[in-house]
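*Asks:* The lines below spell out each chain.
There are 2 protein chains.
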Amino acid sequence: MSDGKRLAVLGAGAVGSSVVDLAVEYGHSVVAFADSSSAVTAADGIDADSALDRKSSDGVVGDDDPDAALSADYDVLVEATPTTLGDAEPGFSHLETALERDRHVVLANKGPVAERYADVRELERESAGEVRFEATVGGAIPIISTVEDLSPSHVTAARGVLNGTANFILSRMAAEGIDYEHVLAEAQDLGVAEADPTFDVEGTDAALKCVILANVLSEGEREFTLSDADVEGITNVPGSALELAAEDGRTIRLVGEATRDGIRVGPRLVPQNAALAVTGTRNIVQLETTHAGQLNLSGRGAGGPETASAVLGDVGRLD
Amino acid sequence: MSDGKRLAVLGAGAVGSSVVDLAVEYGHSVVAFADSSSAVTAADGIDADSALDRKSSDGVVGDDDPDAALSADYDVLVEATPTTLGDAEPGFSHLETALERDRHVVLANKGPVAERYADVRELERESAGEVRFEATVGGAIPIISTVEDLSPSHVTAARGVLNGTANFILSRMAAEGIDYEHVLAEAQDLGVAEADPTFDVEGTDAALKCVILANVLSEGEREFTLSDADVEGITNVPGSALELAAEDGRTIRLVGEATRDGIRVGPRLVPQNAALAVTGTRNIVQLETTHAGQLNLSGRGAGGPETASAVLGDVGRLD
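Chains as they are written, first to last, in the UniProt record's numbering: chain A, 1 to 319; chain B, 1 to 319.
The set of hints was computed from the structure by calculation and includes no laboratory data.
Just so it is clear, CB atoms sit at the ideal spot from N, CA and C, and this is done for glycine as well.
One should not assume that every hint holds.
Stated by the list, open to error - Covered by chain B, per the in silico footprint, the following chain A stretches (three or more residues, Cβ under 8 Å):
#	segment
1	142-155
2	289-300
Unchecked claim - Simulated restraints on C-beta separations:
#	chain 1	residue 1	chain 2	residue 2	range
3	A	53	B	85	53 to 61 Å
4	A	27	B	246	45 to 53 Å
5	B	85	A	36	57 to 65 Å
6	A	24	B	175	46 to 54 Å
7	A	248	B	249	13 to 21 Å
8	B	93	A	56	56 to 64 Å
9	B	25	A	272	35 to 43 Å
Only chain A is shown next, with the shape it has when bound in the complex:
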């Protein structure tokens, strides 16, 4: 177990806020916290409750410029700003700045390891800092660390249900016989789906996670980006397909698969009692391994505290 670390947290959404909220309980201190327009820094640890209250009420975390967080004296940069595609900016530059200063980086932001994996690993090689990213795939479920412990060469495939929004919708459609539009509206009311649910229902989010897994599995051999993924979402799954499936003891789930050869995401028929037939917003990953058969890891794939738990687990695994 490593000793307590000083964290600089970028991003004040659900994940960043939860990391700030839980850091001290995990034995660490938050020396800097920033959202897109502001920051608060304190060498001996910020007042987390104050900063979070201020974010709620005023929409800012402090009075400093956001760059103050990146220049603070921290051990670990927690990058929890929104995932962006393509050049993965500004997240990638945040990671770059930290590694150039020989600090560690723990990502909740998928962009750098989905879209610029080789660049990230190169910067890491040139740095005394380490990059970890458990929180980018499957929230609280220990997927990346399990692949790491098995060593990627011993994992032939990672397959799973990795988007809670899409899974909730499909499992509700199956359970209640309600059509897609109605279940989507219910999901939005519950906060399970965004006002703009595209990223989730079109399979993009699941695909990004599978791209990250494929990058880990094919480490050193080749690199994938979202554009390499073969992706189909759930927007064209009719209620009738689920009824037909049920008559045959099956159901439909949005399943993603990552191997050394590529990434595929799409709706798939699975037996109703299959491990992949998780319900609600739960996620599951199946790892096919060389010596250990199939490992199934399931749990909550999203949520502030859940994902913060993965971030803080990564902090604990740093030297």
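With chain A fixed as given, assemble chain B onto it according to the hints.
*Replies:* Quick look at chain B alone, frame taken from chain A:
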């Protein structure tokens, strides 16, 4: 990732032999290998195939005295001798000798951490070596490392099906309506149950694993041993109980639960589609966590390569 380590492997059963067989593939070397009556040592790595062939044909691994392995120059002692209860000897002394020499110890032997957990941790504190024991609970399934990453204070309970023999028997009784004696005989023919199956069918093996989990969860506060566990096996589960359960959409599994307060193992009714209703020899552990909800981890709980995979994963996690 740590660099390649020099391993001294004690125990030439399924697990020890698989560790010796796979070590080089995982980037390590085996500098010593011993069974109860012999040893083979080589500073630059033994010839694994020769030693394993010799064990098969002659029942010994080499020409040296078994103590030669303990005195060899190694980085990690892999203790894979048979689990013993009470004083956990000779496994405990092997661990003690290694730690006194400031070497690391990776356990597949449950005895020391089930029966003398506080003693193990005390020796570890006084040593530069570290003790890891993923392989003692759930074979290939990453349970101990997941609890470690979450930190034990964030895990309120660990519950699961942890004995493949008992689970195979119950799931076959349920699936085929065959009685216990017949399924036991089938399991013995398949090598899934031992000639003397007591340890498995009376719940002792599952209980030892739960005692280890309870020791991890209550680290520093209290220590448990097998004698603290409330244990009931499967020998009194009649076929009629399974039929009755099935009429209600349920089945029976040998479930163990570990919390900070103790350990309980016994046959339990579970819904047929529950996560705990694993079939065949598969194991599952459910971790109830403070911030991350319920994590389910399932896979092959036993087997040479599977358990060796956990041992070698532990070696990789050492500094």
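*Asks:* Run the structure past the numbered hints and jot down the numbers of the failing ones, going up.
*Replies:* none
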